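Protein chains in written order, with my numbering: chain W, 1 to 139; chain Y, 1001 to 1139; chain P, 2001 to 2376; chain R, 3001 to 3376.
These are calculated hints, taken from the structure and not from any lab test. Because the structure is a prediction, the values reported are computed rather than measured. Note that CB positions come from ideal geometry on N, CA and C, so glycine has one too. Don't take every hint at face value.
To be verified - Quick partial rundown of chain R residues pointing at chain Y, CB under 10 Å, derived from the structure:
#: 1; residue: Ala3114
#: 2; residue: Tyr3142
#: 3; residue: Glu3189
#: 4; residue: Leu3214
#: 5; residue: His3238
#: 6; residue: Pro3241
Stated by the list, open to error - Okay, the calculated bits of chain P under chain R, using three or more residues with CB under 8 Å as the criterion:
#: 7; region: 2037-2048
#: 8; region: 2150-2160
#: 9; region: 2334-2343
#: 10; region: 2349-2357
The lines below spell out each chain.
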Amino acid sequence: MNRLASMETSQHWRLRQQRYALVGEVCPHCTTKIFPPRDICPDCGEDARDLYQFSGRGEVYSHTTVYQAPSGHSSNAPYPVAIVRLEEGPLVTAQLTDIGDQPVEIGTQVEMVTRKLGADGERGMLVYGYKFRPILAER
Amino acid sequence: MNRLASMETSQHWRLRQQRYALVGEVCPHCTTKIFPPRDICPDCGEDARDLYQFSGRGEVYSHTTVYQAPSGHSSNAPYPVAIVRLEEGPLVTAQLTDIGDQPVEIGTQVEMVTRKLGADGERGMLVYGYKFRPILAER
Amino acid sequence: MMPVGEHWDLSLRHLALDAISAARADSGGLRPQALYVANVLAPALSGQSHLGALLADFTGLRGVEASTIEASGASGGVAVRQAYLALTSGALDVAIVLGVEKITDKASGQVQAALATSTDSEYEAVHGVTPSTQAALLMQRYLYEHGAPKDSMAGFSMTAHQNAVTNPNAMFRKAIRHEQYARAPIISEPLNTFDVAPLGDGAAALVLARAAALPNRHDYPQVVIAGSAVSTSALAVHDRPNPLHLTAASQSAEAAMLQASLSLEDIGLFELHDSFSIFAALSLEAAGFAAPGHGWKLAQNGDISLAGKIPISTFGGSKARGDPGAATGIYQLAEATLQLQGRANENQVPNAAIAMTQCLGGSGATASTHILRRPN
Amino acid sequence: MMPVGEHWDLSLRHLALDAISAARADSGGLRPQALYVANVLAPALSGQSHLGALLADFTGLRGVEASTIEASGASGGVAVRQAYLALTSGALDVAIVLGVEKITDKASGQVQAALATSTDSEYEAVHGVTPSTQAALLMQRYLYEHGAPKDSMAGFSMTAHQNAVTNPNAMFRKAIRHEQYARAPIISEPLNTFDVAPLGDGAAALVLARAAALPNRHDYPQVVIAGSAVSTSALAVHDRPNPLHLTAASQSAEAAMLQASLSLEDIGLFELHDSFSIFAALSLEAAGFAAPGHGWKLAQNGDISLAGKIPISTFGGSKARGDPGAATGIYQLAEATLQLQGRANENQVPNAAIAMTQCLGGSGATASTHILRRPN
Ligand SMILES: [Zn+2]
Ligand SMILES: [Zn+2]
């Protein structure tokens, strides 16, 4: 990796654990599970840096579709976006993917998968990370 | 001109008189010649919107060369930049061009010419405007 | 105030000059010692930061203290707050607060990307989320959680458009009917075009002064800032304990009313943040004008119209006057001032004595609330 | 203060968290009611605006009043000024001011373009001008007009590097010799690499409090802000009547000293803005420490060294500590505070009782000056 590429990549590299594996934190003081990680527990205000691996399962808290995309996401538009309630508690925003014939609704069960999120920076570097897809009944 | 192009162009279109023809202002109250135009006279603080056509001649007040160019100007680098004292009084910043064998110095006589300034915006639209070139002794 | 819209012929600095000149003339020629600029988009859309020095110099205020204040859509209110504190401290007698945005020079994708910087870049914008996306997600959840009908928000849009008909500065001066709302194209479901305020170029300026610095005679009754507050909550919508409760709006309204020693019943009009219609409902609820889930009903029964219990968007709001981004808070305060001065013409709220203005940044992550009072 | 440099592993919000946590611990745990963030580059280089709400929430201050202040390289000083005025007004007891920049995520062309937004976009940046270009043009003219030798500025660079040797937060901790300066590669003639401060990621925070809010016992002597001022001049260098006279620097220094009832002889150290060495000379002249054209001579005779008449860049300045952009003003105030508290270790200025700090934005278009005083 050359120097230029590594510079533009570093901001995504820092987030690799969260983006690829949904690694958040658990508060050692009040056991709140935290995603996205934030080092200070939003519930009790204490230090919370213990890593925690989320299961990746959850349900749709809200959803929409983006037609007017920002540059970097235009080639992907329109795309569905949701806020997902993870089964461990936190909400997280992400795109939905692999939607079948069933319409997505609030309450739809979903699971995390890794996909291309969009292009970033001057040279359009591709960024990968979590999206969520419906869990099919027959699985 | 399609809608998209016209939007990105409008900020340069607004400046066409200044950029192509070095049109500034003259203060009707104290006769100060103003470039770049600014509608309020920097000398007496009164309204000054009368247009004034500068001759385009002046001398170098200071100069340098840019090696670390910002994006949009990189393909042009390195390039010489000067502050020019126009013969009507104001200072103006611009690139130098058509420099011959004679080194540019503070005091070198210059005249305005129109050239490509650089690329702007997402689709790299070319922007044209004033630069200055040395006035050769034999002219 | 400059009309909000597409000013193809005016650059950012000329918009600012016109707004500042008008405000200074209106103030009777007070000489400001400081300039506070509310702006978000100039670095991204005009390649221009450092607006304080640029605009102080260009508008004939060379040398004065100047800076840019940014808190997304709440920038205008936050800038007024900072000018207010500077005056209260005694360090200044007269300050000018300018809100300015130049938006129409760039294409939609760039504007959306610039707007998306007000969301969490690492956990929202990277997923293609923009402010409209956040608003759509909140509206979808609101309709679901409160069992509200699909057209719950229609009343906000219709009221705003109705009020804008007689506002010469408005971008849209045409009333709309319910059928138009119901048939409007979807922007990001359930948001339709009438739920979304149209962005436009805009500039508005306010002259603020300590009472001691005012001339003995002035053309209009001077309006007093009786309360001023700013609060924040989590930037990302998903990081808020209950995304449908705008805690920053609630806290800043409470703090401003406490400072002014007022209660909700005293408020004669409420210029709230309606960049998306859902925020009108959520803001009415956050301030306490309606219980959670009931804010939209105030738009059904005439309560929010000019002659209603709690008039909002009295000149059309961002929805119909046009949304000037960071300048919104300044337009709100300027419009509320006209109301309290009795200069609102056909838009006059009868007997307006106390006004509340509130602008939101980043879907409510920042909220700034001001209480204005007509003297006597 | 975080060390200035390349923090590959830390994002902007983590830099901010570390700086704020350190400052709060140092303050004895005071609880801030407001957060003022000085930043220029996050929208362009991190795709992130609206830092007030983001960082208040992320650093454990959820709900507090928060905003971003921007005035190019002067942002840090201007943010301190606004916090100071808010405290003086009585509206707040405790505020925190954070300066933060995350620069090393992006390549040079993008960084230069982002920096160029602090110049006049329509009449400077469009011609390919960046802050280095402005500094080079000023230095070239300075050498010519004052008949100063080509190596006039060497002393500033050598002093800064000398002082940084014993600063654990510095980016470069190595003294340089005159031959190194003389042989250094040209950046933009006559500027060479030793005339230019290296940009780096950085974050520093200050806790400011009203005297009444201070705990009775604290670990270190509390330092008092005795003067605070901000002034501006034309943004474009060519729009200034005499580009070599930094009128904003001059006016803000005068105003701050007047407020503190002090004169130049009282100043024990001067943390000035040395992002480019020419500004050290021009700032010394603007404040009145040297006559026009003579500023560079103070760097020849030891006057600016730690034991000299007017020590500057006592921890290395932006030149050797590293240039953290908008955070510069906060680093300056933090370093001056350490001096007045007697906590500067090997960098201690003997008997430092009064310090002046001054940061410049856009080649001097904005200047913010503060006077700090050791109590008793
Ligand atoms: Zn906890
Ligand atoms: Zn004049």
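Verification of the hints:
1. Ala3114: 8 Å, holds
2. Tyr3142: For R/Tyr3142, the interface hint holds, since the closest Cβ of chain Y sits about 9 Å away, which is under 10 Å.
3. Glu3189: 6 Å, holds
4. Leu3214: Since the shortest Cβ distance to chain Y is 45 Å, the answer is violated.
5. His3238: Interface hint status for R/His3238: holds (4 Å vs cutoff 10 Å).
6. Pro3241: 8 Å, holds
7. 2037-2048: holds (count 6)
8. 2150-2160: violated (count 0)
9. 2334-2343: violated (count 0)
10. 2349-2357: This one is violated; 0 residues, fewer than the three required, reach chain R with a Cβ under 8 Å.
Hints 4, 8, 9, 10 from the earlier list are contradicted by this structure; the remaining hints agree with it.
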